[in-house]
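Kindly generate the complete structure, drawing on both the sequences and the hints.
With my numbering, the residue at position 82 of the sequence shown is 464, and numbering never jumps.
Read the hints as simulated data drawn from the structure, not as lab findings. We put the CB at the ideal spot given by N, CA and C, even for glycine. Misleading hints may appear alongside valid ones.
Said to hold, decoys possible - Simulated DEER-style distance windows between Cβ atoms:
| no. | residue 1 | residue 2 | range |
| --- | --- | --- | --- |
| 1 | Phe455 | Ile660 | 29 to 35 Å |
| 2 | Ala425 | Ala521 | 36 to 42 Å |
| 3 | Pro516 | Ile536 | 45 to 51 Å |
| 4 | Ala627 | Leu550 | 27 to 33 Å |
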Amino acid sequence: MIFQFSDIEALADDIEGIAPCERLSRPVVQMGSGFRSIVIRDAGGTVYRLGRTRSVAKGYRFEVALLPLLRNFLPNSVPNPHMVSEPTKRFPGGILAYSGLNGRPMRQSDVDTDGREHLAGDLGRFLAALHRIPGKVIAGLEARPSLTSRSDLISMWADTSRTLRDCLEPEEMSRLEDWWNVRLMASGMEDFSAVMTHHDFWHENLLVDGNPLRLSGVLDWEHARLSDPVVDMVPLGYLGLGFAAEVMVAYESHGGKIDDNFKSRLARHRVLREFGGIRYAIRHN
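Here is the structure:
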């Protein structure tokens, strides 16, 4: 179930009610709304993420434990949460609060501006640094599945195929089944060394600032885990394959490893991401 929030000022009162140490400066504005969180900011610049599903609270707690371990390895800012709440009746998905970072969320149109090569370079540099972080750095945290193993893919298909079969024509479903069996179940999908991944490197989770625009920060780390490095490249394709290719060039120039199998897995995971969206809708809508 996805929880809705409407009256922003009432939300501020409710946050203060469950977290007496928090005093939100008015006015409070809504900054955004995603699949899993609504984001508001008070006049003092503090950001509050409000979970929209019960599972989000666990991700918030993981993020609070993770970010102090990663911060010094990264070339750009990440949040420094000062408050995380357990689920409550009013906020079933919990609350995460941190001082806002410089910049604004990246827009798709930003890749059409002068100086886009600087932005592509920053993204490639950030991902190369993230993927170099030794796995032992997070050894004390909750072990998470990579979501890219054969068993994970089989689970994804089991969760989505019935709904897809109900929505697609028989010929369409047959083509999809053939693609799944030939491409995703083929050898090579598990042929990677797991690295530290953000796992939701969507442009709205990236902060940009300056002229020309430069990467200033990266948000929303609740999905982070050791996984296939290609998963962090997939969302960049929505900004245009040309821009994504520029990021990959920068990634390699900063030490990231890209070979033919990387490119093959990337092409498959670009389709697989859509299955993730379908599964989310099935589970929560």
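Notebook entry, point to check: What are the numbers of the hints that this structure violates, sorted from low to high?
Noted result: 3
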